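Protein chains: 4
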Amino acid sequence: MHTPIPDYLHEVLENTRDDGEVATYIPELARANPDLLASALCMSDGKIYAAGDIHERFTIQSISKPFVYALALQERGFETVLDKIGVEPSGESFNSASLDPRTQRPENPMVNIGAIATHALVRPEASRDERFEAVRAGLSAFAGRELDVDEAVYASEMGTAFRNMSLAYLVRSVDGFTQDPADIVEGYTRQCSILVDVRDLAVMAMTLANAGINPITQERVVDEHVAQQVLSVMTTCGMYDAAGDWMTQVGIPAKSGVAGGIIGALPGQVGAAVFSPRLDPVGNSVRGVQAFERFSGDMGMHLLKSPPLSRDVIRHANRRVSGQGEFHVIELQGPLRFSSAERVMRELEQIPNDRKTIALDLARVSSVDDVSRRMLMEGLRRLILEGHAVYLVDPRSSIPNRDLGDGTFPADAASLETLGLALTEGS
Amino acid sequence: MHTPIPDYLHEVLENTRDDGEVATYIPELARANPDLLASALCMSDGKIYAAGDIHERFTIQSISKPFVYALALQERGFETVLDKIGVEPSGESFNSASLDPRTQRPENPMVNIGAIATHALVRPEASRDERFEAVRAGLSAFAGRELDVDEAVYASEMGTAFRNMSLAYLVRSVDGFTQDPADIVEGYTRQCSILVDVRDLAVMAMTLANAGINPITQERVVDEHVAQQVLSVMTTCGMYDAAGDWMTQVGIPAKSGVAGGIIGALPGQVGAAVFSPRLDPVGNSVRGVQAFERFSGDMGMHLLKSPPLSRDVIRHANRRVSGQGEFHVIELQGPLRFSSAERVMRELEQIPNDRKTIALDLARVSSVDDVSRRMLMEGLRRLILEGHAVYLVDPRSSIPNRDLGDGTFPADAASLETLGLALTEGS
Amino acid sequence: MHTPIPDYLHEVLENTRDDGEVATYIPELARANPDLLASALCMSDGKIYAAGDIHERFTIQSISKPFVYALALQERGFETVLDKIGVEPSGESFNSASLDPRTQRPENPMVNIGAIATHALVRPEASRDERFEAVRAGLSAFAGRELDVDEAVYASEMGTAFRNMSLAYLVRSVDGFTQDPADIVEGYTRQCSILVDVRDLAVMAMTLANAGINPITQERVVDEHVAQQVLSVMTTCGMYDAAGDWMTQVGIPAKSGVAGGIIGALPGQVGAAVFSPRLDPVGNSVRGVQAFERFSGDMGMHLLKSPPLSRDVIRHANRRVSGQGEFHVIELQGPLRFSSAERVMRELEQIPNDRKTIALDLARVSSVDDVSRRMLMEGLRRLILEGHAVYLVDPRSSIPNRDLGDGTFPADAASLETLGLALTEGS
Amino acid sequence: MHTPIPDYLHEVLENTRDDGEVATYIPELARANPDLLASALCMSDGKIYAAGDIHERFTIQSISKPFVYALALQERGFETVLDKIGVEPSGESFNSASLDPRTQRPENPMVNIGAIATHALVRPEASRDERFEAVRAGLSAFAGRELDVDEAVYASEMGTAFRNMSLAYLVRSVDGFTQDPADIVEGYTRQCSILVDVRDLAVMAMTLANAGINPITQERVVDEHVAQQVLSVMTTCGMYDAAGDWMTQVGIPAKSGVAGGIIGALPGQVGAAVFSPRLDPVGNSVRGVQAFERFSGDMGMHLLKSPPLSRDVIRHANRRVSGQGEFHVIELQGPLRFSSAERVMRELEQIPNDRKTIALDLARVSSVDDVSRRMLMEGLRRLILEGHAVYLVDPRSSIPNRDLGDGTFPADAASLETLGLALTEGS
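Protein chains in written order, with numbering that gives the first Met the number 0: chain A, 0 to 426; chain B, 0 to 426; chain C, 0 to 426; chain D, 0 to 426.
By construction, these hints were calculated from the structure, which means they are not laboratory data. Please note that the accuracy of each hint is not assured.
Said to hold, decoys possible - Heads up, simulated DMTMM-like pairs for lysine to aspartate or glutamate below, C-alpha to C-alpha not over 20 Å straight-line:
| no. | chain 1 | residue 1 | chain 2 | residue 2 |
| --- | --- | --- | --- | --- |
| 1 | D | 355 | D | 411 |
| 2 | C | 355 | C | 325 |
| 3 | A | 46 | B | 91 |
| 4 | B | 46 | A | 74 |
| 5 | C | 46 | D | 348 |
| 6 | A | 46 | B | 6 |
| 7 | C | 46 | D | 411 |
| 8 | D | 46 | D | 82 |
| 9 | B | 46 | B | 6 |
| 10 | D | 46 | C | 348 |
| 11 | B | 46 | A | 78 |
| 12 | A | 46 | B | 348 |
| 13 | D | 46 | C | 311 |
Unchecked claim - Derived CB-CB ranges, DEER-like:
| no. | chain 1 | residue 1 | chain 2 | residue 2 | range |
| --- | --- | --- | --- | --- | --- |
| 14 | C | 369 | D | 99 | 57 to 63 Å |
| 15 | B | 33 | A | 216 | 37 to 43 Å |
| 16 | C | 281 | B | 29 | 53 to 59 Å |
Model, not experiment: these values are computed from the prediction. C-beta: ideal position from N, C-alpha, C; glycine also.
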């Protein structure tokens with residue numbers, strides 16, 4: 000059998016229609032073949048699906064912005080970065096010469112003025128070339144391979160970088176950074192000229208969606224809360240001045256670049272990338288937008304889509320007797336998060352007081368998040384305080400640290416079978 | 000044992016600090032006791048936790064906006080509603096007299112001018128009172144009980160409704176509606192004067208988070224795609240002019256009201272509400288915002304939070320022999336969605352061609368969304384086309400309709416035990 | 000001989016080109032004959048020149064704004080009016096729903112929202128009809144005849160007055176007035192529907208240019224400082240969003256109306272009016288603007304045009320002897336204002352100390368403004384203090400009150416001839 | 000006697016109150032003595048009155064803007080300059096990074112971004128230093144003496160010229176100029192660092208008010224229509240974001256600078272300057288603004304002030320008989336401009352047809368502008384065509400060229416005495 004996903008990707012690409020124009024304000028970009036088209040998906044274990052002109056490399060342009068923002072947050076910390084750059088959608092075009100009128104900061108790191116300020120935050124004391132090398136190395140870590148610069152595009156962009164120079168001096172004038180603005184613009188323009196293909200972009204997006212860990216190299220590139228912050232800002236500011244349209248119709252944190260790339264990242268699930276050079280009037284790839292509308296609809300990837308009905312987290316809850324005595328057995332299943340852990344709390348609440356020994360079976364639990372782990376431990380602690388004996392059956396160590404917070408621990412059991420409490424399958 | 004959730008709610012409320020002012024522009028609201036404080040959480044099965052002044056009723060005010068937007072979308076359809084009201088954050092204050100300069104429509108349904116236009120979309124041919132009754136009945140369906148109007152607040156607001164009158168005439172001047180603007184403002188003001196308590200609001204929020212089905216009455220109030228649209232618009236436009244701050248710091252679709260209420264809705268998980276009359280300068284409840292920051296952080300409810308690592312969806316995949324022959328057995332576990340179904344596709348791809356008979360076991364699968372169901376069926380169809388015999392072990396009917404799309408069906412099996420293929424637990 | 004001015008007016012009208020569109024948003028105005036064309040000039044003594052369709056009456060529309068502003072200033076005083084309505088150009092379109100963000104007042108009385116607020120300032124305690132009657136009577140005083148309302152246009156405008164209703168409620172919401180907004184809009188719309196012809200408008204403009212005195216009836220309609228304030232506001236705010244274009248290219252305080260009228264007023268010189276219904280995109284009469292560009296260029300009426308070189312204010316200054324003794328005689332000529340009076344002061348300064356008796360001859364002075372009168376009197380006072388005898392020769396009473404401020408008076412002389420000091424003409 | 004004007008100037012200065020702050024964003028300016036205070040008036044014949052710290056020199060700063068705009072208009076022509084820089088008030092602060100959204104040009108030459116673009120228009124092909132020298136020489140011609148640069152202020156400003164660099168690059172990015180932005184900012188900053196005192200500024204202002212001719216050197220620095228354009232732009236854009244306040248309260252075309260200078264120019268009358276370093280929040284000298292309010296009120300210098308009533312331009316008009324026959328004699332007096340010439344036309348119209356010989360006496364006319372000269376000649380031409388004999392009595396050559404436009408000429412007469420038609424004085 001062959002997995003149907005490549006067929007799907009091909010079908011999506013074939014069904015996009017194209018009527019935009021390639022970017023022309025950077026002469027070198029105007030020479031791009033407008034009919035190029037490629038897409039890739041990267042899964043959380045690093046598996047990549049790709050279709051179309053997948054070996055075509057192009058400059059990353061604005062898609063570099065969220066990743067350098069991530070590097071800045073990681074290196075300098077939230078306080079320093081948020082002190083210099085806001086997180087609000089600007090309602091202005093991507094190259095607007097405007098600061099937040101109240102704070103005199105760039106409004107967000109996804110518009111050019113904010114991205115230039117972000118570049119300056121990386122290795123602030125270093126030379127221009129050292130700073131760029133830190134950025135290039137950081138983006139390479141996101142991609143999982145060493146990335147290079149397209150020197151022809153870099154030279155072409157620098158030849159018309161007047162507006163970016165204006166933005167850099169504007170930020171400099173409000174002490175958004177203290178380096179030489181020309182150095183920052185040169186570094187930022189090199190950053191935009193880094194060459195990638197759709198697979199690189201899909202891996203980079205998946206690294207954000209994977210809490211900061213590159214799914215291929217398994218390197219932790221940035222911390223989880225950094226990845227969350229970047230995805231949050233992409234959600235409201237990533238697709239320029241149509242945040243509401245994108246949120247209602249696609250609902251995936253995303254970022255587009257003027258060379259024709261778009262990335263999207265759905266936490267825990269997938270990193271996606273499309274490349275097609277023709278742009279719509281606001282500067283997003285025409286076919287890229289269409290492909291993401293398909294991804295959102297077909298793959299159920301909208302952030303606000305209701306998840307399907309889950310089975311009850313309580314698989315069984317009943318009295319069982321074995322050679323080891325009488326137990327109140329509770330078998331859990333599926334993912335544990337706040338809402339399912341809350342259901343478990345209610346189940347614990349209803350255990351009759353005379354059921355002195357309790358076995359809680361996590362063998363079928365597929366995942367445990369931090370809040371549900373804490374809730375579970377608190378529930379067990381309360382049961383023990385009330386005089387119950389508690390066995391935790393956790394053969395796959397869903398809960399690594401079993402300290403209940405007050406130095407007590409539940410009893411351990413390898414499995415319900417060990418305790419002689421297993422039911423036959425399906426019962 | 001008592002579930003720790005009520006303790007948590009109490010602790011959150013106690014730890015909010017209060018330094019805002021109650022709304023004064025509506026004289027009746029200025030009389031509110033500023034020290035009132037309450038919160039409620041509603042789970043997807045209708046369980047409600049509540050703490051504080053939970054019997055206190057207050058006017059719903061702007062929190063009515065997303066629900067009436069939902070009613071309008073449900074009754075009139077997306078095309079009609081989107082033709083009249085945009086979905087972009089406005090960057091203006093909630094009562095701004097501004098239309099989208101390009102489209103001459105209200106920018107979104109969460110600012111007053113858009114909410115007034117939304118009210119007019121409900122039952123457009125009906126009388127003022129019939130329209131209001133439709134709105135009141137719709138909001139009651141969201142709440143699961145019959146809601147009433149606070150006539151004193153209504154009268155007080157109408158006495159100073161000059162700005163809303165201005166907004167209504169502005170919309171009327173661009174043919175945003177064709178009814179009498181005074182009728183629309185009266186209806187809208189009655190809508191804002193509907194009385195709720197925090198439990199009502201939590202149920203209403205959970206109805207949106209529950210794909211449109213009231214978790215208590217089980218009534219489908221609006222369609223799933225309507226609920227998704229409303230939550231999307233709340234995400235970018237719900238908290239007035241700080242969309243980016245709210246998204247980065249809280250990350251829960253939300254809406255606040257000038258009487259001091261805030262609701263939040265996390266799809267599939269929880270509807271939350273807080274009530275505290277003191278407001279910050281942009282008009283959000285001071286303690287309400289603090290409580291939601293706690294909810295987001297403590298309960299892991301941020302939309303962009305990476306989910307915890309799941310166990311591999313493939314629990315076992317190996318050759319087993321029983322009295323019924325030789326099987327290639329694949330046991331799945333946990334939730335199936337695009338990313339885990341994709342993993343399953345890869346597993347199916349690797350089945351050796353000589354393994355003629357395949358058993359796919361869904362007994363431990365906790366949920367199956369639409370895309371993963373389609374992917375699974377497509378994978379099975381391809382296996383059968385290649386000459387494999389396929390058994391689907393689905394004791395809990397995770398996949399109700401097993402038609403593979405071309406009229407073929409996989410074979411059915413009650414359980415691996417039935418086929419004699421079960422392993423002992425833990426192996 | 001026939002004066003060439005009518006020929007000039009005809010020539011100007013014939014040489015305007017027309018390519019705009021009549022206003023259509025008021026249905027009744029859309030029925031106007033677009034080819035109508037008329038112009039009139041009114042001089043300070045009431046003489047009127049007119050050409051074209053001079054008997055055609057049309058609704059005054061926005062041209063009423065400066066005159067009702069004048070009535071409000073006259074009736075309520077500067078402080079009250081300036082407290083409610085600003086004087087800054089708005090940079091917004093004439094019907095924008097915007098208030099000054101800092102002061103929450105309408106930005107000026109020439110945009111609709113400011114004109115509506117202005118209407119409400121007239122006779123604030125009166126009924127709607129009494130207020131309108133005060134406005135109609137005031138405009139009639141400006142025109143010098145009783146003006147009537149075009150009831151068909153009034154009814155047509157009221158049928159689509161939604162935006163003006165919106166503006167009125169917006170002003171009401173910030174307490175810009177306290178009357179019923181519907182009453183104010185009805186009164187304001189009647190005000191806009193008052194019928195005038197180009198001769199009426201020229202007289203009205205000349206009344207402003209004539210320091211508030213109607214040049215025909217000689218009635219003082221408003222005070223001089225009111226007229227100056229209105230002309231000042233017309234200068235920066237009269238021609239909508241092109242204040243700079245109008246100031247550089249025309250340089251005449253002006254106001255246009257949507258029915259096709261434009262007025263201009265040059266202090267002390269002329270009131271001008273043109274009527275032609277086709278409008279340019281910002282709402283000004285196409286041929287009206289062209290005619291005013293001609294007026295400005297041909298008639299030297301630009302406010303910032305340098306006046307021609309004047310003859311020296313000192314016609315003669317020398318020693319003369321008559322039977323009455325030895326005199327230092329200074330004959331002045333032309334207009335006296337600050338700059339020429341300053342020159343006189345210098346002349347007085349140079350009188351040799353031994354010239355004990357001085358004769359100052361004002362017989363050839365054409366005008367004396369307030370500052371030059373004060374300077375002259377101060378100069379004479381100082382001469383007397385120094386011991387000079389001073390004769391003032393002022394046969395036409397250019398200086399009615401000769402009190403030098405300290406109770407002293409210069410000597411009086413009917414003429415230089417009386418003193419035997421006249422030179423022969425031309426010497 | 001001593002002229003009272005110096006006393007007046009002293010009194011004005013003494014009665015200004017001071018509560019602002021000196022500019023601090025340029026470190027060198029922050030060292031200014033905040034208590035310095037000086038003022039000067041320059042008359043059209045070059046006479047200067049000055050009071051206060053009149054020998055104190057300070058940097059011209061933004062007051063250079065109108066003069067360099069004049070130089071650019073003179074050198075490059077209106078079309079080129081207007082194609083690059085608009086004339087509309089911007090409503091933004093003086094250093095705003097904004098272009099006209101419609102035209103992508105700086106909105107006017109009085110805000111920094113427009114002044115930088117203006118500097119680049121002077122000698123566009125020259126080197127940075129040659130361009131600056133042309134500017135310095137041009138400003139020196141306005142001042143009537145060679146002006147120098149304060150190198151310390153220049154160096155200080157260049158050290159913090161980040162915002163101006165941003166503005167220059169922004170203009171460069173829209174091809175507002177093609178030179179190196181750093182060169183332009185350096186030249187512009189040197190321009191702002193030129194040293195002047197209040198007398199220099201008064202002379203410079205009077206040169207604009209004097210139709211472009213320096214009142215002291217009598218050099219024509221710019222053409223009359225250039226001076227008119229500059230004064231027009233100063234009227235709407237000179238005092239930053241309070242065009243309406245300044246026009247209503249002062250009504251004098253003006254420009255202020257951050258070092259504390261303000262100039263005002265009233266066409267044909269006076270150039271005024273005040274210097275006092277403390278600034279109000281929008282950047283205008285606190286005492287400078289107060290002094291100009293006094294000048295406007297006390298000296299009757301408001302542009303929209305109605306001129307005083309003039310004597311009738313017709314001094315006498317009657318039949319007189321001398322040895323040379325029967326004449327219809329018309330004696331004119333005072334200034335001739337459109338409005339008075341129009342009155343003359345009416346007088347000519349009423350000459351009885353049987354009065355064959357006409358004498359028009361201009362001996363008492365104080366000035367004749369271009370339009371009135373043309374009207375007069377046309378009137379005489381028509382009289383001659385109708386068969387009248389016409390004598391022009393113009394002893395002071397008010398009308399140098401007497402060609403009536405069709406090759407005919409009126410007869411000449413030295414004076415009414417020559418013709419035996421003089422009346423006795425006062426009759």
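- Quick one: which hint numbers does this structure break? Sort them smallest to largest. 3, 4, 6, 7, 8, 11, 14, 15 and 16
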